[in-house]
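**Student:** The primary structure of each chain is shown beneath.
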Amino acid sequence: AQSVTQPDIHITVSEGASLELRCNYSYGATPYLFWYVQSPGQGLQLLLKYFSGDTLVQGIKGFEAEFKRSQSSFNLRKPSVHWSDAAEYFCAVGAGGSQGNLIFGKGTKLSVKP
Amino acid sequence: NAGVTQTPKFRILKIGQSMTLQCAQDMNHNYMYWYRQDPGMGLKLIYYSVGAGITDKGEVPNGYNVSRSTTEDFPLRLELAAPSQTSVYFCASEGSGNYGYTFGSGTRLTVV
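Just so you know, the sequences run in chain order A and B.
For reference, each letter of the first sequence is one residue, going 1 to 114 in the working numbering.
For reference, each letter of the second sequence is one residue, going 1 to 112 in the working numbering.
No wet-lab data here; the hints were simulated from the structure.
Idealized CB from N, CA, C, for every residue including glycine.
One should not assume that every hint holds.
[As the list claims (entries may be wrong)] Cβ-Cβ distance ranges computed for the label pairs, FRET-style:
#1 A:Ser18 to B:Pro75: 35 to 45 Å
#2 A:Ser111 to B:Lys9: 22 to 32 Å
#3 B:Ala52 to A:Gly16: 41 to 51 Å
#4 B:Pro8 to A:Ile60: 24 to 34 Å
#5 B:Gln22 to A:Lys109: 28 to 38 Å
#6 A:Gln2 to B:Asp38: 15 to 25 Å
#7 B:Lys9 to A:Gln2: 27 to 37 Å
#8 B:Gln17 to A:Pro79: 43 to 53 Å
#9 B:Gly95 to A:His82: 27 to 37 Å
#10 B:Gly95 to A:Lys68: 20 to 30 Å
#11 A:Ser84 to B:Thr86: 28 to 38 Å
#12 B:Gly53 to A:Gly16: 46 to 56 Å
#13 B:Gly51 to A:Ala1: 22 to 32 Å
[Claimed, not checked] Capping the alpha-carbon separation at 27 Å, the derived lysine-lysine pairs in DSS-like fashion look like this:
#14 A:Lys49 to B:Lys57
#15 B:Lys44 to A:Lys68
#16 B:Lys44 to A:Lys109
#17 B:Lys44 to B:Lys14
Generate coordinates for the entire structure from the input sequences, incorporating the hints supplied.
**Tutor:** Written out as structure tokens, the structure is:
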């Protein structure tokens, strides 16, 4: 069955520290992978996406993610976290469009200490 | 502003009442989706549509109905509201070959 696992429910990092949010997926075909961010009371905003090619993808707000097929992972990273990055982050996998729908992980809530 | 517009933002329903959650997009996207979000559970797909006149069930369709008479609009109907339908509902759209959803800002629904 297709699934997405985000092992960390809540992570707290200090401002200026580096960040890595984990995402593991199970998907039968070549996956399309996404990271979304949700600020409190808001909808989800697309951070970055991976379809093919270079396994290190750059996104908005200084985020990047690396696709590792051998580990079925798509971890999100940022070298230096800002207080405004505090939010909930969702990993998603799917084929998109008429080929199927995105399956979302349960999310990781990020808190940032001053 | 271009995007996905959801109305209302908040609503309280009594058990057994009905309502329609509205969703409209002005990006000429073919694909539209309804998700519900419950704390700690991520997003669950309720219904989706690949174009006007075509809809299909997602993971949690019971208690809901949808229609897609135009490309722009994708309303979600709740019949006989139940407390289990208390949730935040998100509508999203996606263009052909432009993978990545655009989400609305959500409707927070409470059934009492």
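**Student:** All hints, please: hold or fail.
**Tutor:** Going through the hints against the structure:
1. The beta-carbon spacing between Ser18 (chain A) and Pro75 (chain B), approximately 44 Å, falls within the hinted interval of 35 to 45 Å.
2. Between Ser111 (chain A) and Lys9 (chain B) the Cβ separation comes to about 26 Å, which falls inside the hinted range of 22 to 32 Å.
3. In this structure the hint that Ala52 (chain B) and Gly16 (chain A) lie 41 to 51 Å apart at CB holds, the actual value being about 49 Å.
4. The beta-carbon spacing between Pro8 (chain B) and Ile60 (chain A), approximately 29 Å, falls within the hinted interval of 24 to 34 Å.
5. The supplied range of 28 to 38 Å is met by Gln22 (chain B) and Lys109 (chain A), whose beta-carbon atoms lie about 29 Å from each other.
6. Take Gln2 (chain A) and Asp38 (chain B): their Cβ atoms lie about 20 Å apart, and the range 15 to 25 Å holds.
7. In this structure, Lys9 (chain B) and Gln2 (chain A) meet the distance hint of 27 to 37 Å, their C-beta atoms being roughly 32 Å apart.
8. For Gln17 (chain B) and Pro79 (chain A), the Cβ-Cβ distance of about 50 Å falls inside the hinted range of 43 to 53 Å, so the restraint holds.
9. Between Gly95 (chain B) and His82 (chain A) the beta carbon distance is about 31 Å. The supplied range of 27 to 37 Å therefore holds.
10. Judged by the Cβ atoms, the range 20 to 30 Å given for Gly95 (chain B) and Lys68 (chain A) holds: they are separated by roughly 29 Å.
11. For the pair Ser84 (chain A) and Thr86 (chain B), the supplied restraint of 28 to 38 Å holds, since their beta-carbon distance comes to about 30 Å.
12. Separated by about 52 Å at the C-beta atoms, Gly53 (chain B) and Gly16 (chain A) satisfy the suggested range of 46 to 56 Å.
13. Between Gly51 (chain B) and Ala1 (chain A) the Cβ separation comes to about 27 Å, which falls inside the hinted range of 22 to 32 Å.
14. The suggested pairing of Lys49 (chain A) with Lys57 (chain B) holds, with an alpha-carbon distance near 25 Å, which does not exceed 27 Å.
15. With a C-alpha separation of about 26 Å, the suggested pairing of Lys44 (chain B) with Lys68 (chain A) holds against the 27 Å cut-off.
16. Among the hinted pairs, Lys44 (chain B) with Lys109 (chain A) is consistent with the structure: their alpha-carbon atoms are about 18 Å apart, no more than 27 Å.
17. For the hint linking Lys44 (chain B) to Lys14 (chain B), the alpha-carbon distance of about 23 Å falls within 27 Å, and the restraint holds.
Consistency with the previously given hints is maintained throughout, with no hint failing.
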